[in-house]
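S.K.: Letter by letter, the chains look like this.
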Amino acid sequence: MSALEVRGLSKAYGGVQAVRDVSFSVDAGEVVALIGPNGAGKTTCFNLLNGQLRPDSGEIALAGRSVVGLRPHQVWRLGVGRTFQVTATFSSMTVRENVQVALLSHHRKLFSLGKPAGRFQVEEADALLARVGMQQQAARPCAVLAYGDLKRVELAVALANRPRLLLMDEPTAGMASDERQALMQLAAALARSERIAVLFTEHDMEVVFNFASRIIVLHGGEVIAAGAPDEVRANPRVREVYLGNA
Amino acid sequence: MSGSAVLLQFLNGLAGASSLFLVAAGLSLIFGVSRIVNFAHGSLYMLGMYLAVSLSGTLGFWLSVPLAAALVAAAGLVIETTLLRRIYKAPELLQLLATFALVLIIRDAALWAWGPEDRLGPRAPGLAGAVAIAGRQFPQYDLLLICLGPAVFIALYLLLSRTRWGTRVRAASQDREMAAALGVNERRLFTAVFALGALLAGFGGASAIPREPASLQIDLAVMSDAFVVVVVGGLGSIPGAFLAALLIGEVKAFCIGLGYSELTLAIEFIVMAVVLVFRPWGLLGRPLAETRGPGTLQPPLPAPSFLLLGGLAVLLAIVPVFAGPYTIVLLTDILVFALFAASLHLLMGPGGMPSFGHAAYFGLGAYTAGLLLLRAHLPMELSLALAPLAAALGALVFGWFCVQLSGVYLAMLTLAFAQIAWSVAFQWDRLTGGSNGLIGVWPAPWLSSKQAYYYLTLVLCLGAVALLWRLIDSPFGYALRAGRDSPLRAAAIGIDVRAQQWAAFGIAGLFAGVAGALYAFSKGSISPETLSVPRSVDGLVMVLLGGVQTLSGPLWGAALFTWLEDSLSRGVEYWRAAIGAVILVLVIAFPRGIFK
Ligand SMILES: Nc1ncnc2c1ncn2[C@@H]1O[C@H](COP(=O)(O)OP(=O)(O)O)[C@@H](O)[C@H]1O
Ligand SMILES: [Mg+2]
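Same order as they appear, the protein sequences are chains U and L.
Going by the numbering used here, the first sequence opens with residue 1, and the numbers climb by one from there.
Going by the numbering used here, the second sequence opens with residue 1, and the numbers climb by one from there.
Only chain L is shown next, with the shape it has when bound in the complex:
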């Protein structure tokens, strides 16, 4: 790469960093004041893009950008006053889930309003050309974007440090009780900060349309980028977000510029890993206070009922005698997701680790099974047996980083990892078939009938669930639970809490991989959706629906959810939004947790 090419890539990186900073700064501001990590922040960015594309048709580009940003801010206002305000005191997990429900709803709303095709934005009138820099052409508009990030950074800095309102925001971020005592009107402040965060996200999206088309996938892509930025920079720190946005923006630009766009995510991952190893709370962040307290009050976990599981097995074994093929297929799905949910429950329940990326291991199992069968030409039985090991390995790699953190940090990191895994599956055409996925992943001839495969699934899934229950009841499971109940006490009696959690990650990944491999062979094909973030959230909903503090709950939750999804996806066009709406209703109706 010549010197001038390096300079151009560097400028390109700065332009990308500006958009990233706008999103990450909003995310950080909102978290600082309300302690809510807004998973829908990428959706607000996406909304800004679509609105600007639409509005620019009639109003022209320059007017459409501020107007789109203002409309997104208004949307933020509505979201805060109708939803978030009700859940500020709810458990962290439910807050995250509620904002994720917004992701589903906003995505389907955009699908409804703008259709599934990407929407190209206009060029910026007056800045549509290019300037010569070091003998090369560089888009004029990108120069403006480069200035936008620092300009917004300075504006935010002045707003926070020089105005009375900014002082109130900072006071609320540092000490919520004290701010309330000083008479800060919390309600209005929270609303204003959320609207400001939404404004920044909308502005970031709207101002990016000359560079990239608006698309439905951009929400999660931007969100996981913003999470990486926030984790690297430090949650709640605006200068940290700025620094990290520059870092990540440059990393992306250089990977793409050098022609290694597949490597972008891997490099991003490595940057994040290095930062986390040396500074677990990010470059400029501070540790969250509540993470190492004497512990939280946890309800007891009932002993496993293997009688129940055995009874269930017998019952399910006789179903094929009178049920049709449709029911058999549905039950196969239910069994697979019951195992998926049970493996997630190990992390969420006894492990106390809210994973928003468990589908990564499900997908890893599915893809490995498919690839071993199709590319390595291994027998189906062997592929099925080996695939979970790959999933466990993936879980151990990702999990090592995740167990360095806890709470919302951990949730963000698991989600970012899942998004990375999804992107690899989506982009690596030659290996994974890209967006088309893999086809022809059929089971061995002796398992080719739906009935035979159902029995295989029944035996493996219920067997695996029995093993998981046994494990939760074993010394390992108790030590894991001890680390959740009281990290302080656990460490003070010789338990290496992180080692325990790390092992749990590997085990949960292994069993999710079993479920994923079984799923692949039952469908005959694998698509990137298998490991998408919405699938991860499906798992969370299953576990929460059934009750995280029980053992059999995840099974019932998986059954209910899979059946519901099956019915909805047939009858309702926007069923993801419908699921999002159900989540919101549940969270608002039971803000203290669905089952206690």
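Just chain U, same shape as in the assembly:
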């Protein structure tokens, strides 16, 4: 059974058909890239997967369990972590506190009135930050971080509940080329060692072809190609609408 199985997913905004009859699956331990030009429907897909949007039709199953109709916080409890295209962090908190809140949620302590949140699972939080190379900045407020660093914090936060599915929307935007490679290296290693299914979108084709074991190409909300990197690279339709002369 696949970690994520999507069948016939569709979503329209008013007159715009943002996602049309999309089907694919991602297995545990696999790193899959969702690519396509701007406006292809990648972010909309992610928002459908984690419950932020409700599909007009179609089925989404996590390890065989349907999640259509669940709200984002419920989807998260089933083991889905995500990062956002436009980073979303808690700006009034430090980097460590951002991770601590996610850990509190993971341990179902959100309504606890007990000991101060700042003292909760400091080591675990720092260990997660160390993984993404942010331990030196643990005590800094999120509001002052560089964009690439925020992306890293988001990844640490998304890992806090040991997800089975990790959704990363343009995780390396705003990073230098070697940082991109390093971050995706980490994600790929995690996928392998912890058997996490990783689905990511990315505009840097070098990153995509280096790390994705499979690629799904969206265009105008539809899947126009899917398969191993070499097949997709050779696909004439993909070359026409997206890769161009790449």
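Keep in mind that the hints were calculated from the coordinates and are not lab data.
A quick note: this is a predicted structure, and the numbers were derived from the prediction, not measured.
It is possible that some hints are incorrect.
Residues on chain L that point at chain U, a partial pick, calculated with CB under 7 Å [as the list claims (entries may be wrong)]: (1) Leu471; (2) Pro475; (3) Asp485; (4) Ser486; (5) Asp496.
Just so it is clear, CB atoms sit at the ideal spot from N, CA and C, and this is done for glycine as well.
Position chain L with the ligands relative to chain U; hints supplied.
M.R.: For chain L with the ligands alone, kept in the frame of chain U given last:
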């Protein structure tokens, strides 16, 4: 009820709906273009009433109505160009606060000009009689009012859809940046739209004088009705306002016609609740775009300093050794309002929910304490202990609806709820003593000296503040703050933001109830003013004065404000207007927020 009586009530409802529509349409238009919810819109309606009553004495009724409306439009022009223009880019909360300051100022101006008594208007010459409808008498003038609403609706529709000016208004409502790029002169447009909204409100008020007397309370009553209409119809939608005005107008008419006028507010509440559950943005409204973004930049919240609180407690504990009774009473008030402000701060600060109706829970605590003591004959100590639970329950009921919304919608809803609570206290004579309130709410004998009661207040208030601080620092407080910082991120890590906010509402209500119950026993009496909307705004000012992004700020803000109010209310006759003026000066001087 017979068929003819039903028909008459129906017509009555249509007449009331017309006035409601005029106010709500203006409110919606102004919001559509400037994104400002004008809390003073009911005040403009009231102004229209008083002006028409005055002018009709010399000019006659028919001339007085358009003239009063024109004068209110002129007042709107002045308000827009001198005040609102300066705060279009200010934070939402400050905008709301500024327009509320206008409510205070206009009410005191009306008190000064026309006195505290209700002013009866004339009948409309030529339409003073009644016509027979289905064998019953129906006022001729009300038939005219019934036509007025649809007539204005059609006129507005034509203005907005068929004229170039209307196209500009619609363009500005839909996309402000684009409108500016197309060369719409925003300044003139904003001014004109505000004046038009004021004209409608003034017209609505002036044309209502044959039906009801002008009174000082009408401003908030009309405003909360208009808020209910706008929330039900959808903010920014004129057809929505029309539809909702009809709905609410009919609900009111039938409740009053059936002899259940106390139920009116409850039914209005239920109608609103049903609509909000099924259509959170109103019947014909659209969601506000900015409410679910990746989040806004928020400054860090400092850790609580219990050392400071302890030091303060010690200091305050030795004050009675050398202070007189006057100071003790003032300090008791300050402590009570410090707790009130701190409980509001939980919602406004970490919760990110601008409540304009927090006095409802303060009042609920006060009234419950009084009623348990006087009507249920419970001991004072038990009344004091149980009252906050009633306040928490009230906060949970109201809060459930409020947390479905955010931003200005939430502010409007909290205010409408507070007004409903006030009306119940004001109207339910048999239970609450109506406008006279309750008297004889004295503490137990061992607490009867001002000193003893001061120590009780000191312990309870500072203890409660310590608990609140602790709570803000707890996992619950962090999860609440996470929902404020970034609702998207919070939901994506398993936080049910609404559940968190709802719990915060209950807790804030509980502590406001403690403050309210303590207040009741310290004064010995309770009046509807305890839970009035101006009292809610007092709380907001306290929190903003001290700084919403700090923990101890609300305490200092409450101390400063309570002391100021105490001094002003002694020396200055129109001290509410004075407070309004202070708010305006602060908002204009610090349009980006008083403390950052
Ligand atoms: N909230 C929205 N309202 C209306 N249309 C939207 C909204 N979000 C996205 N769209 C439209 O849906 C399509 C897909 O957008 P998106 O999923 O963001 O694409 P991508 O992430 O691939 O760039 C685009 O045509 C976009 O304009
Ligand atoms: Mg995108």
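S.K.: So, for every hint listed, does it hold in this structure?
M.R.: Hint check results:
no.	hint	in the structure
1	Leu471	holds (6 Å)
2	Pro475	holds (4 Å)
3	Asp485	holds (4 Å)
4	Ser486	holds (5 Å)
5	Asp496	holds (5 Å)
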